[in-house]
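Engineer: Grab the two chains, each in its own frame, and use the hints to assemble them into the complex.
Chain by chain, the residues run as shown.
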Amino acid sequence: MRKTRDLVASAFVLAVAIFAFGAAMTQSPGQIGHPGPGFFPGVVAVFMFAMGILLLAKTFAQKSEIETDKSIIPSTRKDYLRVGILAAICAVYLELMDYAGFVLVTPPFCLIVALLLGERRPLVLILHCILVPVAIYVSFQILLSVPLPDGRAFY
Amino acid sequence: MEDIFSGIGLAFSPYAIIAVICGVVGGIVVGALPGLSATMAVAILTPLSFGMTPAVSMAMLLGTYVGAVYGGSISAILIRTPGTPAACATIFDGYPMTQRGEAGKALGWAALGSCVGGMIGLFFLVVSAPLITRFALSFSAPEYFGLAIFGLSIIISVSGKHVTRGMISGAAGLLVATIGMDPIQGSTRFIFNSMDLLGGISLISALIGLFAVSEAFNSAETVMRESERIKQIINGLFPLWREIKGHAVLILKSAVIGTFIGALPGAGADIAAFVSYNEARRSSRTPEKFGTGFVDGVIAAETGNNAVTGGAMIPLLTLAIPGDAVTAVLLGALMIHGLKPGPMLMAENRDLVYSFFCSLFVGNLLLLVFGIGGIKVFTKVVALTKRLLVPIILILCVIGAYAVGNNLFDAKLALAFGVLGYLMQKADFPVAPLALAIILGPMAEVALRQSLIMNHGSWSILATRPISLGLLIIAALSIFFSIRQAQKENKKREAMRS
Numbered sequence: 000m001r002k003t004r005d006l007v008a009s010a011f012v013l014a015v016a017i018f019a020f021g022a023a024m025t026q027s028p029g030q031i032g033h034p035g036p037g038f039f040p041g042v043v044a045v046f047m048f049a050m051g052i053l054l055l056a057k058t059f060a061q062k063s064e065i066e067t068d069k070s071i072i073p074s075t076r077k078d079y080l081r082v083g084i085l086a087a088i089c090a091v092y093l094e095l096m097d098y099a100g101f102v103l104v105t106p107p108f109c110l111i112v113a114l115l116l117g118e119r120r121p122l123v124l125i126l127h128c129i130l131v132p133v134a135i136y137v138s139f140q141i142l143l144s145v146p147l148p149d150g151r152a153f154y
Numbered sequence: 000m001e002d003i004f005s006g007i008g009l010a011f012s013p014y015a016i017i018a019v020i021c022g023v024v025g026g027i028v029v030g031a032l033p034g035l036s037a038t039m040a041v042a043i044l045t046p047l048s049f050g051m052t053p054a055v056s057m058a059m060l061l062g063t064y065v066g067a068v069y070g071g072s073i074s075a076i077l078i079r080t081p082g083t084p085a086a087c088a089t090i091f092d093g094y095p096m097t098q099r100g101e102a103g104k105a106l107g108w109a110a111l112g113s114c115v116g117g118m119i120g121l122f123f124l125v126v127s128a129p130l131i132t133r134f135a136l137s138f139s140a141p142e143y144f145g146l147a148i149f150g151l152s153i154i155i156s157v158s159g160k161h162v163t164r165g166m167i168s169g170a171a172g173l174l175v176a177t178i179g180m181d182p183i184q185g186s187t188r189f190i191f192n193s194m195d196l197l198g199g200i201s202l203i204s205a206l207i208g209l210f211a212v213s214e215a216f217n218s219a220e221t222v223m224r225e226s227e228r229i230k231q232i233i234n235g236l237f238p239l240w241r242e243i244k245g246h247a248v249l250i251l252k253s254a255v256i257g258t259f260i261g262a263l264p265g266a267g268a269d270i271a272a273f274v275s276y277n278e279a280r281r282s283s284r285t286p287e288k289f290g291t292g293f294v295d296g297v298i299a300a301e302t303g304n305n306a307v308t309g310g311a312m313i314p315l316l317t318l319a320i321p322g323d324a325v326t327a328v329l330l331g332a333l334m335i336h337g338l339k340p341g342p343m344l345m346a347e348n349r350d351l352v353y354s355f356f357c358s359l360f361v362g363n364l365l366l367l368v369f370g371i372g373g374i375k376v377f378t379k380v381v382a383l384t385k386r387l388l389v390p391i392i393l394i395l396c397v398i399g400a401y402a403v404g405n406n407l408f409d410a411k412l413a414l415a416f417g418v419l420g421y422l423m424q425k426a427d428f429p430v431a432p433l434a435l436a437i438i439l440g441p442m443a444e445v446a447l448r449q450s451l452i453m454n455h456g457s458w459s460i461l462a463t464r465p466i467s468l469g470l471l472i473i474a475a476l477s478i479f480f481s482i483r484q485a486q487k488e489n490k491k492r493e494a495m496r497s
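Here the protein sequences come in this chain order: A and B. Take the first sequence: its letters are residues 0 to 154, numbered as in numbering that gives the first Met the number 0. Take the second sequence: its letters are residues 0 to 497, numbered as in numbering that gives the first Met the number 0.
Treat the hints as calculated values from the structure; they're not laboratory data. Owing to the predicted nature of the structure, the values given are computational and were not obtained by experimental measurement. There may be inaccurate statements among the hints.
As the list claims (entries may be wrong) - Derived BS3-like pairs: lysine-lysine, alpha-carbon spacing no greater than 25 Å straight-line: (1) B:Lys160 - A:Lys2; (2) B:Lys425 - B:Lys490; (3) B:Lys487 - A:Lys57; (4) B:Lys425 - A:Lys57.
What the hints assert, rightly or not - Counterexamples of contact, computed for chain B against chain A with all Cβ distances above 10 Å: (5) Ile3; (6) Cys21; (7) Gly337; (8) Val380.
Glycine residues also receive a C-beta, built at the ideal position from the N, C-alpha and C atoms.
The following block holds chain B by itself, in its conformation from the complex (with noise of 0.2 Å):
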């Protein structure tokens, strides 16, 4: 008890405080520009934090990365820009969403999830990590192989009534995905002699060009006939109490969704927001509404995100293994404070690891406040005209994509993507299965090699783990059910024509 008091006051020391406010604001900045992901704005921080004390610093860390995971939903739903990966399934419907006016509802909505998502995940982490430490490490290559396919099987739904294509889509993705060295062997593959291919291809190039960079030009080809712009609604940006109960399930779903593949080592919170999305239109009631600007989809993909910020420090405490390139930065921050993660830290310092849950703790309230707060600042940006607008994304987007890797051959690929996007959407193919083939194809190939060369070629290993069979049967409803809704609508459609 005397632990929790402690740590309690070490977490609301008036510098822990203003370490928490720096960093939650600091994270949102750096999360919503493009290229510039939760990652690197933590990485940015830690060395600002060397003089601090470890609650202190610690408190700056975790504010910037609750603040940086959910500061990507705000370019995600306003300019179609994932600011991070973790913000491309919030684009689905938070961008239709501010193409109809309704950009301070989607970003209320995704604050609020993301809070909330954030919140639960820390619940998780206080009262269950050592069970949900031995659930996730139970998870093989198999396990692993059925939940990528899972997210994969999101691509039926998310290719609306172009099922083909969507397919079509997902299978460039995977292609896309195999570029550079081959994650088992070592060796190269079609890398065409370039050695700016040798590392693959940037996610973050690839989602900027296939979303922002294609936006862009889709701006550009209908810039002639903008009347006027879309007035946004900025009342009523908090959502009603009675709002908040009837989606009190999905966020409830997200969030233990997130919190768990947080927990995994090696699926972060782009993978998290794909599943939360998925299986929100799953057993959604109204699953043709998904895509369209349905603000279930903005819920479902945030509070998956932000859930992870809580779910990938229970295997970072427990066990010293990060749940997510975000988490192996804070490990090494936590190395060099002197501290053992692992099962000893909560043996010897006990009231610190209190005071790390109670900064999540203020870090996600705050998130709440500065983004409801700053709701009314952030849609000034689409209020500006397209003549403008337009030059302004392309330049964030080219720097954006640079950034990752100092490299202009990722802004180059970025543009690439982008032209390649937009001339998808011409062809009526959705690129979003392609975006999410990209992200999941590596793990996708990896685990199932591994899967093979663990059971000696034989597919079986796949059907007889429980939880791989339970994943890859939900996968298997979640395809027939999606195509059987696509085709029921397309016959809706056929049957009004004629």
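So that you can see chain A by itself, here it is in the shape it has in the complex (with noise of 0.2 Å):
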């Protein structure tokens, strides 16, 4: 499981990297006095295929059973799943604000992410997704003149 976990890290970097290097390309590299946008880029593209490589050939060198550390409890599928609705909702979040604002959109999104981790006390859930989002818009808005995002519906 762990070699596979590696193999595809490994691909990945070269894929990476070999994006990296053309994208450079594209670039002017310059002169051989006058190092162009694309010189530093291609360097560091070619450095990163090496060490590519190098993980490669380490993952094929290696036993394909390591031992885990036992005290850790080993995440399930369930726990993967929570942080991927967590960053969905956290993706959604962002495009409603940006069309609704700060607002509106952030006691739903406090009460929303405290129910999918697991808070259930309805007392604390109210009181977290109102106090939250009032805190921060008195300390950013009010107290220190930082704008938050108002929302494109209401201009």
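Structural biologist: Here it is as structure tokens:
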């Protein structure tokens, strides 16, 4: 399992390095005495490729069974699913904030994330989704005069 | 002598003392909030200072400066979120200490290190400003390249047992740093037709994403197994005298590094923190402890970054050259008050300059008072259950990234970097080298290209200038010993397994 993961990681690194080198080559590498915009990323991409090859070689050389720390409880599929859902909620939150602004979308975000993470006490949930946005709004917008997103819908 | 007493009188007037208290408290609060940097804190308060006298105004702004640089460490230590880029290196050991229940100790040392670092920086500012300025101005492209490579050599040491992966992570960071406008020719690179990428990747967004958002995802992964919260020990917050004595050399060395890097135009507190941390690890008898919650890591990073406050004032006051972004704002504030920073400032407004020194002194003392006094309040944050803490961290991350340029694209970038950081951790790729390379990459690239231009394409310029050669040799030694250390540890682990 670990070997497969490392093989995938090595392949990904090599792909990124090749892509970066290709992208760097679209820029001017410059002349010998005057390196251009493509010079530095080109050098870094070659270095990354070399490291990718080294990682691949190490992966092939490693034993298939590597003992893992028994004291660490491994995460389950449910745990990873929770992280995936949380990332998706964050992405939706940002999209909605762009449209509806901070004030409208933050309380439901607080509520949904706390519920997703297992908080079930109704009073705590209510206080959490009211107090947190209010505290952030007061700190940033009022005290520090740092504007928060208004939302395009209200322009 | 008369000017000195007059300066002391100006700095210790009731208004100036109140101003510096407000500045330090405000700076700590703003610095602790992710995304709000020391530059932003000083910039926010500058318009408020217009109606004040120059001495009172600078007392407030200097207090804000030292407070904000220290404030970044609070969120870095407690929730793995660098309040400012300068606190990025503090995470490496500060956050593991919090996970062990030693947040109080980490914050105590951070406050003390910041205070002493600031004081030593101030000492150098007072006694050797012209000398340091002359030395700093002898730095040109090859020396900056040497400095950047020395900073980047820390990649090996922060990668632990995954050296190859750390170097890949660092290379990825260098590539990320090249996105946007080419710093020399002004052409666009790797922006994929997105105008949002024209200015490059926001450093704050990347740091917030890599450290804070990814940690929020990690917490979400393990939240159901959260049996009990880690009890934080908050007794004996102020380090004992014998502990301070034991760390005196480390503190002094980090402060000297921070002061000098602060005096270099363009190199700020973030670079100083990394270089101090790297040097502390390189010269330590127990380098393997760094990154595991070792207090020396916190001391080195915090002393180094706060010493910058004194160092950055050196070229500002002597030559009117700002050492970093904050001193650029301070330069503006001085000019608004009708002062002319530079050689004539010391000649024409000597008493005022002494009042600035005194205000920096008071600001650093207050930083220690509020830093230690506030620990019991700060640590309440980690007493919250993760079920409630994670949404708060995520909202702060989004707002912090947004606040940099009032652009939700930066917040989306922070989320993307958060996902990247989380996946990297799952694949055993350390994220710190990526962050480090994003910080130092632009300096390394510009310095290298300028060096090659200066020497008509010949790389020999890097080896023929003593400072640049010295820095490159130290970097090479640091890399060599770090790799040997990692190999030793890997062998030890293999032996234990078999």
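Engineer: State for each hint whether it applies.
Structural biologist: Now for the hints, and whether the structure bears them out:
no. : hint                : result
1   : B:Lys160 - A:Lys2   : holds, 17 Å
2   : B:Lys425 - B:Lys490 : holds, 23 Å
3   : B:Lys487 - A:Lys57  : holds, 17 Å
4   : B:Lys425 - A:Lys57  : holds, 18 Å
5   : Ile3                : holds, 36 Å
6   : Cys21               : holds, 13 Å
7   : Gly337              : holds, 26 Å
8   : Val380              : holds, 12 Å
Of the numbered hints listed earlier, not one is contradicted by the structure.
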